[in-house]
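Novice: Given chain A's structure and the hints, the job is docking chain B onto it.
These protein sequence lines map, in sequence, to chains A and B.
Under our numbering, read the first sequence as residues 260 to 478, first letter to last.
Under our numbering, read the second sequence as residues 21 to 277, first letter to last.
What the hints contain is simulated information worked out from the structure, not anything from laboratory work.
Glycine included, C-beta positions come from ideal geometry on N, C-alpha and C.
Some hints could be false.
To be verified - Computed footprint of chain A on chain B, listed as stretches where at least three residues anywhere in the stretch have a Cβ under 8 Å from a Cβ of chain A:
(1) 142–153
(2) 204–213
(3) 217–229
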Amino acid sequence: MSRPEIHVVDYGAGNSKSVLNMLRALDLPARLSSEPGDLLTAERLILPGVGHMDHGAATLRGRGLADALKRRCLEDGAPLLGICLGAQMLTRGGGEGRADGLGWIGAETRAFDTREIGGLPVPHMGWADTWAVRDNPLLPPTSTEARFYYAHGFHIVCDDPADAVLQAEYGRAFVAGFQRGNLVGVQFHPEKSHRFGVALLARFAAWTPAAARKGGIAA
Amino acid sequence: MRRRPPRPRIIPTLLIDRSGALVKTVRFRRRTYLGDPVNAVRIFNLKEVDELILLDIDATRDGRPPNFERIEAIASEAFLPLAYGGGLRDLDAASRAFDCGVEKVVLTSCLTGGPWLIEAAAARYGSQAIVACLPVKAYWRRRRVHLPAGGAPMISDPAAAAKAAVDAGAGELLIYAVDRDGTYAGYDLPLLADIAAQVDAPVVACGGARGVEDFAAAVDQAGCAAAAAGSVFLFQAKGRGALISYPSREAVEAAWA
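Isolated chain A (complex conformation):
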């Protein structure tokens, strides 16, 4: 069976190339997509990000990519993985910049408060042990040694704690990953996290969300 291509959304302000590099090294069919029409046929998508929320969200909307993603992921149920800024943009926003997030998952993006994290430097740059707090498609709850690379000054706060599936610590516990149906997001950079990231992207590539099995997306 041929595996469907993973479309990596290229909106001109992310590290789409890094993500593509790792997917290719994993032998997963993948390509960059910068056109709304291209996204509408995507079976599996990654929204990467090393950008500024303001610029990223405005670009996604301005190029018609936000509408295409909405149709494909919210209406048709295609699995979507947001990475770092890509994950933050799925929230309502509220932190970085002025432009609002897409608001597709009930969550906010907030700046780290240096007082809350005991005076640690902000942004949080570096590796952190990361663990699953409930079943999820990205990291097995049995995993005890996973560590990932983080580079963020903002963190995600889920309205419903049940959506916060991965956790890490930087002076305080924070949401390292969320899942709501076919939408998943991670605060760290799996494409830059050695074998831990390799394993996570491979799991995402093999995942069929429950909603997608019922219809919408041909598996």
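Specialist: Relative to the frame of chain A, chain B by itself:
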């Protein structure tokens, strides 16, 4: 004293010259040729290093743009965070570097021309993607930021320059002690401590490291968030042949106070 991050990063710094070859300098001058940087990156990748910093040390001096082809070839082998610096004179050059697959850009010379490039790059890519590099030279007890290219003026107060870079949007500071580069003399701890005490952003030590004890000193004594080094990861020992190495997490953790 600033609180130590849970996992301070240990970062090999790789220098490339105008031909795209990997080199290592002593005090930013005498160079040892070390071959193909792509090979080195493959090895560091296998060793699961925390992060890599790649600097083209001739681009600014030559007045040429970065060697994007080379950066892309290197980035394609790096499944770990990669920062690139050298010859990034405008936002377009920084954008192209990101398109090559690097996570962060290292900006140096822009400090003389005002913080506009840091501001513009941070506005588009976020502070976490912007590293300001301050090459610092010691003059007796004084320290000065020493910008190598084109007879640029020196900035007398490194901590003030560091603060200005962070205010402009730099998310990280790479403090490179020029006269310790390649000397195995240890980090300039008073300089690092002075800067780390005055900025909120992570400070990365560079220049002079001999081994894990120096990494620990930079973090525990000077308050740095990370420790970078070149020679110690590229040579068997001072004055000896090339050998790529990287300490185990256990060895690093055993050195923390």
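Novice: Need the list of violated hint numbers for this structure, in ascending order.
Specialist: Hint check: 2 fails alone, others pass.
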